[in-house]
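So you can see what is in the structure, the chains are spelled out below.
There are 2 protein chains.
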Amino acid sequence: MEAPAYQRIAATFRGRIATGVLRPGDQLPTEHDLADQFGVARQTVRAGLGVLVGEGLIVARRPRGYFVREREHMVYRPQEKSRPRPAVPEMDRFSEQIAATGRTPSYSIEVALIEAGADLAERLRLDPSATVVARRRVRYINGEPTNINDSHFPIDLVRDSEIMLPAYLARGTDRVLAELGYAQHRAIDEIFVRMPTPDEVHRLGLGPGTPVAVHFDTGYTESGRPVQCAVNVLPGDRHRIVFERHWS
Amino acid sequence: MEAPAYQRIAATFRGRIATGVLRPGDQLPTEHDLADQFGVARQTVRAGLGVLVGEGLIVARRPRGYFVREREHMVYRPQEKSRPRPAVPEMDRFSEQIAATGRTPSYSIEVALIEAGADLAERLRLDPSATVVARRRVRYINGEPTNINDSHFPIDLVRDSEIMLPAYLARGTDRVLAELGYAQHRAIDEIFVRMPTPDEVHRLGLGPGTPVAVHFDTGYTESGRPVQCAVNVLPGDRHRIVFERHWS
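Protein chains in written order, with UniProt numbering: chain A, 1 to 248; chain Z, 1 to 248.
Since the hints were derived computationally from the structure, they do not count as laboratory data.
Please note that a few of the clues may not be correct.
Pairs involving identical chains hold if they fit within one copy or between any two copies, as the list cannot separate such chains.
[To be verified] Here are the computed lysine to any residue pairs in the SDA-like style, where the Cα-Cα straight-line distance is at most 20 Å:
id	residue 1	residue 2
1	K81	H246
2	K81	E190
3	K81	I188
Predicted, not measured: the structure shown is a model, and the values here were computed from it.
Whole structure, please, built from the sequences with the hints as guidance.
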């Protein structure tokens, strides 16, 4: 039994993208031309291409047409966070990495007091109704939102510290925590993969067919007390998460 | 301006799931009851619930109705791979982990000779037209497909070795590589997030709204030569990827 026409159209262009016949940024033929070529209605062409939009393979840029999606993966290295840094850094690591490629990094920052809820309570060993300080940032490259980095701290640890101020902290919150007596020695990275929430779609300007990685980074003191939990939301079309291992 | 009815229905149930009013496995009201309750056509109810199916929050089990999706995250630890193992293991790590929870692990294995292509050529430092041995496995838990683990080796390294046989290798391919003189000392883990291909949907039995993590694991000898590259495809609804870091 032959597949329905819209599926054949989807399969044709999926194949051309997979084999590199069509490259990132290339324009597909118009709906009109494809309707002629496959001998079907434009509505059918649109259904076929809609499948590929949902798979994140092409984007619709009206009124110009359909294009093969371009992906520029920012390298995201959780291990960098636990490597020694210069004593008086002028920039945090994200800014450093982006500025090094000639692009302009920026942030939006807000600080909120929230209830821990189940996910943070489990990781910070708090009651779900306990208050935590949420330092919420969206990171931008050249003005485009790139990822979400929401750090959370038990209120008792950071009350009246700079962490509570919604301002750029060049030396980073890890150093402030250390100054407060909560230096981190160990961290657990957990990565989940799911579709974005409507709020994430809005904050990050995500297109259809763009799943996210959710990276929980929980930091512990030498005595094993969890002192911070960051929730990073990384759109799949913009990130490559990299770790390095050495055999023991 | 009020949101369209189907969006209000989606928002209502998204909220009840997010706040835990509806828990994993719970059944939603029937389309009929929701149409009454919201004063809309069943078609509108179906559109609203369809949004949540696409977000991976609920599943449709016809003819019974809609249920909040249940997620059981298998812990996936790339670092385990580079930790010492008992000298004569009877099971590989996956089997060990699953059997420890009283479930039954199994594999399907096939071996193919393929062209490297761009992704593997870059990581194994080969020509894209070079031949590599692909050892393709689907891992099952209690007969349900769980993830894809396709390992790739330059043909010159593993010709006539057990790696070429499509059979279970209890001591693992890393040990066979070491016996052949290619012990690994370092690995790079790269994680990408995207929607699955139709082939992956088929091999893994994925439902709508289920993105995947693609984990490239490239292993290097002491002299820095890449000797294997595994491509693991991990459905987002079944995996939690975990790393542990210690400050240096």
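Taking the hints in turn, this is what the structure says about them:
1. In this assembly of identical chains, K81 and H246 lie within 20 Å of each other by CA distance both inside one copy and across copies; the values are 18 Å within and 10 Å between.
2. For the identical chains of this complex, K81 and E190 are neighbours both inside a copy (15 Å) and across copies (17 Å), given an alpha-carbon limit of 20 Å.
3. For the identical chains of this complex, K81 and I188 are neighbours both inside a copy (12 Å) and across copies (17 Å), given an alpha-carbon limit of 20 Å.
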